[in-house]
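S.K.: Chain residues, written in single-letter form:
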Amino acid sequence: MDLAPVLNGFTVVLEPTNLLYCLIGVVVGMLVGVLPGLGPAATIAILLPITIGLEPVTSVIMLAGIFYGAQYGGTITSVLLKLPGEASSVVTVFDGHALARQGKAGTALGIAAIGSFIGGTISIVALSFLAPVVASFALDFGPPEYTALALLGILLVATVSSGSRLKAIVAACIGLLLATVGRDAFTGGERFTFGNLNLADGLDFVPIAMGLFGLGEILYNLEERHTSVQAPAKVANVWPSRRDLRQSSGAIGRGSVLGFVLGILPGGGATLSSLAAYAVEKKRSKTPERFGKGAVEGVAGPETANNAAATSSFIPLLTLGIPANATMAVIFGALLIAGVPPGPRLVTDEPELFWGVVNSMYIGNILLLIMSIPLVGLFVKILRVRPAILAPITVLITLIGVYTVNNSTFDILLVIVFGVLGYLMKKVGFDPGPLLLAFVLGTLLEDSLRRSLLIFDGDALGFFGRPISGTLLVAFLLVAFLPLIGKALPRRRPAEHPSDTKELV
Amino acid sequence: MTTNHRARRWAATGAGLALAVSLAACGGNVGGGGSDAEGEEFPGGDPITMFVGQDPGGSTDLIARAAAEILSDELGVAVTVENKPGANGALAAQELAGEEPDGHTLMVYNGSLAYITPLASEDAPDIADFDIVTGLSLDDYVLVTAPDSGFSTVEDLAAAGRPITFGTTGVGTGSQLSQELLFAQADIDATAVPFDGGSPTLTAVLGGQVDVGSIQLGEAIEQIGAGELTPIVTFAEERPSYLPDTPTAVEAGYDVPVQQSRAVFAPKGVPDDVMQTLRDAFQTAFEDEGYQQFNEDNLLTPNELDGEEIRENWTENLEKYRAVVEEYSIDLGGE
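Chains Y and R, in that order, give the protein sequences.
Note that UniProt numbering has the first sequence beginning at 1, numbered continuously upward.
Note that UniProt numbering has the second sequence beginning at 1, numbered continuously upward.
Heads up, some of the hints might be wrong.
Claimed, not checked - To spell it out: a stretch of chain Y is covered by chain R in this simulated footprint if at least three of its residues, at any positions, have a beta carbon under 8 Å from a beta carbon of chain R; those stretches are:
#1 343-355
#2 450-459
#3 466-475
What the hints assert, rightly or not - According to the in silico footprint, chain Y covers these stretches of chain R (three or more CB under 8 Å from chain Y):
#4 82-95
#5 170-183
What the hints assert, rightly or not - Label-pair restraints from in silico Cβ distances:
#6 Y:F192 with R:E287: 48 to 56 Å
#7 Y:F464 with R:R322: 37 to 45 Å
#8 Y:V133 with R:G225: 21 to 29 Å
#9 R:T315 with Y:F464: 48 to 56 Å
Worth flagging that the hints you see were computed from the coordinates, not collected in a lab.
Just so you know, even glycine gets a beta-carbon here, dropped at the ideal spot from N, CA and C.
Model the full structure from these sequences, guided by the hints.
M.R.: Next comes the structure, spelled out in structure tokens:
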């Protein structure tokens, strides 16, 4: 492969501005990782407007830093306070906090930081090789392929996401419905616009993301009474012993691969891969009874996997323009704001952006490794900031911010409406993620399907006549119907792993 | 914040809102003088806002920013570009119509919104509701195909012996109109496949997803130069200087000149002296070398006509297109 653009990417990262924004990104990411409630998707959504006026590459470098930085930060509170700062660090609580109670908090944090670093780095290297390969097929991705991919994506998001499957499907369907609002791109007919020109181009993605994730999360968190934070366990001796390292080396290796693969899949991402990695480690272990009582592998595996996944979930976004999870959907919005349409030509047309972002992750990971260990105490202090102070400030930033994106007061209204919706959804146990993803993919699905049928002259079987769309559709049918077939057949293996992950949550 | 109390009527609707507005406005009002323009000579130190009905980064946005820059230099006040994307620019036009006609709010208006969108949609704005300051430039459409499609002339397409698929940059665009007219006149059986803008259309043609597509010259020139796309015809009146070897559709025997044209609009009722000041300022500013270079870099043909000539041209275009569309019973909106 041609190395020149890769090296150029490094020159892009090493520009002082970009370095600075990379640092800002990972610090902010680490902070929101520590703060329970406010996740990376919410933070990125709230910060979208400040990326206006930044170079596209700078803005994505910063936002990506928030995403993988949060994976590091979430670990700290999981281990020290038994309070997962991030959904992807929930499983770390089991063994991480157990280790902390045994006075080995330093070991747990050290292993998590090292595992995160290795997982992240392996994933970047793999991304560097795989993404251009995917991108080289990009021109073969026509409307039929996008149709199949969007279908598969929506299905996986609805079925794989954490929480109730039925609720996820309901949320995804609402997202699909919202995507139909606006002027029909093929006939010019108005749909659900009620004669309002603000709705003529459909609902804008940014206010929906900022409302659902940003405002909704803030409202929801306000309601939770934060019990006074217990005194964190003492951190001593952050360098794990040689024995700990040996014990977790396998877990780190497996976590990297697992995280990388699950991160690429639509609907996958950091949370799912950390759950899966924990399940794998427990299953492989000769002494599974140690898990939950302070097994280092139980920290190393999931923490490695969530970082690997955070990195690899950039592949579908940057090569095909398809966001694999809710956070990627928000970064998708950032690219749109920056005037860079995410799509198959991004790698060839904007090599500096692509390689700049990819290579910034090396730097970001090193920064995080350096910061995460000595600054632990400082980050724990952040937890003392009262939500009563944090929340109003964030709400104000959100509302002002959304106005600046399109200079539209209508968008402020949208944020409020979707903020309330997001709050209600969380309250009754609906994950807003599938809604947002289905909203993004819904437009793609509808437009691609109709384009394909125009190209095929109305023959729906045409989808199976093309290798890529055919394969994807077969995969779609498998994912959709295999569970049903599995139910119908008598069970041969009682311990199937999906049920295994369920009981962990 | 003294400059803002006048600029936005709805600023008083809420404290948060007002803050948002002030913040956004502060971002651009670098040279805001602070006093009201009334009674003083235009522009009186107050900034000018220029609406753009498209997203930042697109060709209309770039043109507006270039025009804003030279106008600002010429008049000595800040000229802020404000993007209000939506409905092909109709949203921004609607907002412009409601602004004070004091010369402080302008808009870069796309010709397609004036003479193509009305053919596809009933609620397109009417240019009679606006004052037109000056024309800016013309952008050409070119019909392109992937080299391995084997097509290089309109005759090749007619002789394909199968229905042709053609990519358009959207419903009610010049890209769609130009191809519909061409294929109707050449009696080619063809299906329109609308994409969402120039870049996706280009990708689809490059990948052979559709047989041909009509794209703005500036967006396709790089691939044409690299041999990744074969130009078949341009839809210009005369061969654009940037693509001298490609015949126009008119030369190829089809009467379908379709161009994107851009002009500066103002709300109706701008006082004559203000209008004259603006027009003079633009005419002087067009001499700017940086601006001319900008046009050349973006393959734009200057079309710096007087506002009234633009109105005549665009009205004529609308009538002409309406007639041919009826003649060949082309339905830009329907399936």
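S.K.: Look at each hint and say if it fits the structure.
M.R.: Consistency of the hints with the structure:
1. 343-355: holds (count 3)
2. 450-459: This one holds; 4 residues, not fewer than the three required, reach chain R with a Cβ under 8 Å.
3. 466-475: violated (count 0)
4. 82-95: That given contact holds, which follows from 9 residues of the stretch 82-95 of chain R lying within Cβ reach (below 8 Å) of chain Y.
5. 170-183: Check passed, 3 qualifying residues.
6. Y:F192 with R:E287: 48 to 56 Å: holds (49 Å)
7. Y:F464 with R:R322: 37 to 45 Å: Cβ of F464 of chain Y to Cβ of R322 of chain R: about 43 Å, so the range 37 to 45 Å holds.
8. Y:V133 with R:G225: 21 to 29 Å: At roughly 27 Å between Cβ atoms, G225 of chain R and V133 of chain Y fall inside 21 to 29 Å, so the hint holds.
9. R:T315 with Y:F464: 48 to 56 Å: At 51 Å between Cβs, range holds.
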